[in-house]
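Undergrad: Start from chain A and add chain B according to the hints.
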Amino acid sequence: MKEKFDAKKHVLVPEHIKLTKKQTKKILEEYKITKNELPRISVDDPALKDLKFEINDVVKIIRKSPTAGKSTYYRRVVK
Amino acid sequence: MAKKIYEKYEDKLPLKIIEEVKSEIPKKTKASIIKKILDDVYKEFKQSSLEPGESIGIISAESIGEPSTQMTLNTFHFAGVAEMNVTVGLPRIIEILDGRKTIKTPTMEIYLKKPYSEGKEIKKIAKSIKQTTIQDYVEEISVEITESKIKIKLDKEILKEGVVDEKKILSLLKKKAKGYNVKQDRKELLVIPKDEDKNIGEIYRMKEKIKEIYVTGVKDVTQVLPVKRKGEFMIITSGNNLKDVLKLDFVDKTRTRSNDIYEIRKILGIEAARQVIINEVFKVIENQGLNVDIRHIMLVADTMTASGKIRGITRYGIISEKSSVLARAAFETPMKHLINASLIGELDDLNSVIENVMLNQPVPAGTGMPTLVTKK
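Chains as they are written, first to last, in my numbering: chain A, 1 to 79; chain B, 80 to 455.
Pulled out of the complex, with its shape left as it was, chain B reads as follows:
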């Protein structure tokens, strides 16, 4: 009986409020009383929700802007994780809200499947994710100027671990070093140019190139750090490549995430990107000991993702999508907008707030929104 009453209110009230009411009411309450309570709650809910025409955007802007003036300007700071730098504070918020394509400190949180999440072979797994280049397997790499060849002395200790053997490195070298012959000596690998009087500068450049040849691991992951969080082992990386990490067998494909919103948009879609924007901004604000209602951040994230792509709050992002010339000119670079608009004869319908402020007319916000209709 009581269940039916709750169901009736599911369309009217948010789920969380209904559940709160449910948990507060004693079990044997009469249905009529429950109905009365819910009616009162509904009335209160209606009263506290925003009126149409309320300028929520500017309220959000103020609510996020004011606390952020109190943030530390420290870019680098240990955010709970040892040995790993993460951008926090105002720089990170600016980075997210501007919708920057390349972020300063990309990281991934890699969750693992059982039994790996319980700590099985965690070190080995972490190592296998980290990107290695030839440099990591070499004891010494040098250029013999008199004989004009490159000598590579492999580190036998590291090779003993069995991840990569000499043969693989040899074949990699053969593939990547075009125009050079690769020979295996007793102790060393020799890279000799086919063209005998090759410029010594070019050989040096080749040496640097050889150092960077990719051998194993996930590309772009430069650092790995196994940690235990909430009784579960996971790996935090610096450098991100979500696409390749999700191909690995031991990775939990339902929870692993990155802090790059563009990468998330590409791999998980626009809704996930919105969620990551909210999470990342909220994390920064929380870490700084500030208090901003999450609804403000949700509004910003909704606006940034409304077009199906990520648009930063800059003149290249959401501002460029405004239909009114005057509104765009009011933000930044007014001359550019006005000149371009006059060149193509753009029309302004004066539908929004800022252009009506400029022209000294009532704005379509708050009480300026409704119009009077007279009966004949």
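Only chain A is shown next, with the shape it has when bound in the complex:
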């Protein structure tokens, strides 16, 4: 049986979580920004494969950080 390669399992790839509309609103209010000001991630990014993301969704990324232990980052899905 041939094992298929999955980018999400790689150690370099942090966890990507899809945010609901409610969560997105909360985050934008917390940082007092608009969606356009978020960093971007492309829809065809291998780390988003099979997670059913659409354009304009917001991704929550939980990174391992050498300085903080764990840090969260947000990206907006673009074309």
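Heads up, some of the hints might be wrong.
Stated by the list, open to error - Simulated crosslink set (DSS-like; lysine-lysine; CA at most 30 Å straight-line): (1) B:Lys193 <-> B:Lys230; (2) B:Lys87 <-> A:Lys64; (3) B:Lys307 <-> A:Lys64; (4) A:Lys70 <-> B:Lys262.
Claimed, not checked - Computed beta-carbon distance windows for the label pairs: (5) B:Thr333 <-> A:Val43: 19 to 25 Å; (6) A:Val43 <-> B:Ala110: 43 to 49 Å; (7) A:Lys32 <-> B:Gly136: 18 to 24 Å; (8) B:Ile433 <-> A:Lys35: 53 to 59 Å.
No wet-lab data here; the hints were simulated from the structure. These numbers come from a predicted model, not from an experiment. Think of the CB as a built atom: it goes at the ideal place given N, C-alpha and C, for glycine as much as any other residue.
TA: This is chain B only, laid out in the frame that chain A set:
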């Protein structure tokens, strides 16, 4: 009880600080005391974090720029691995931060699955990854000028190893050498042009082409080196082709990596590319015995990957994404930017620092950022 108090602070303090506090406090400490300690830590944390409006970009630029003036300019240097050249020092940092598409010394670190990571058949595996061309199986390849044909004498010793047999090479030749007939003689393979009075120069070119026909291994991997690191066998290569290596069965697909950020972006995504930028830059700085806080490199990597693609810190990369004409003109090639902007009637909102410096106005940084609002 104490656990609940820690949980309350999880949103306020970084995980690492909480864990540090946890490990320092004796086990039977009262909950109220823990709370007081955490409150104090939180106060200290707030005080040491940056104020809004601090120009962190320029601090990072200085912090990376100054130590890099002390780096050796040696491009080629043995970086711990024998027989393998790796770009290190300033050239490597420039290569990464500029976001160059083709890097000077591409390498891969291939981790292996058990039992191969314990050294089982490591030589055989390493050999199977290396790219081979017909040249590697040939004892002699020559052009007979009088008979206008190419003679290929295969190396019987290498063929005995059983990776490739004569038949396979024959079929490869038939496939690749169009316009030529391939015949098997007793000792040699003959490649004869169908068109009898073919130019001799063309036959010579064909000979060079035959040498380069791909036979086995992973394409573009020109050198392999099995090494033992931290009690584990792995393979370091020169030349990279992560996509094809990840298709192999014995490769650990969760750790194998390349040093080409564009390749990583394509196969593992933008977040992995950011991590590789940090790792690679930090590795160079560490190797040179310099000390740069990793936060500066993280900021640079974040900026480079903010658009979802990799953008180098050049006028074609992140600078080209600035919305202000004057800011772009202030970096490099001012005339080009100003002429193009005036041709299409571009507007400048003066939202950023450099254009306001040009116009002798307060800049939106530091204390220039807040504005006064009066009550009616």
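Undergrad: Hint by hint, note whether the structure agrees.
TA: Each hint, compared with the structure:
1. B:Lys193 <-> B:Lys230: 45 Å, violated
2. B:Lys87 <-> A:Lys64: Satisfied, since the Cα-Cα distance of roughly 21 Å is no more than 30 Å.
3. B:Lys307 <-> A:Lys64: 27 Å, holds
4. A:Lys70 <-> B:Lys262: 65 Å, violated
5. B:Thr333 <-> A:Val43: 19 to 25 Å: 24 Å, holds
6. A:Val43 <-> B:Ala110: 43 to 49 Å: Since the Cβ atoms of Val43 of chain A and Ala110 of chain B sit about 48 Å apart, the hinted range of 43 to 49 Å holds.
7. A:Lys32 <-> B:Gly136: 18 to 24 Å: With a Cβ separation near 21 Å, Lys32 of chain A and Gly136 of chain B satisfy 18 to 24 Å, so the hint holds.
8. B:Ile433 <-> A:Lys35: 53 to 59 Å: Violated, since Ile433 of chain B and Lys35 of chain A (Cβ atoms, about 27 Å apart) do not stay within the stated range.
Hints 1, 4 and 8 from the earlier list are contradicted by this structure; the remaining hints agree with it.
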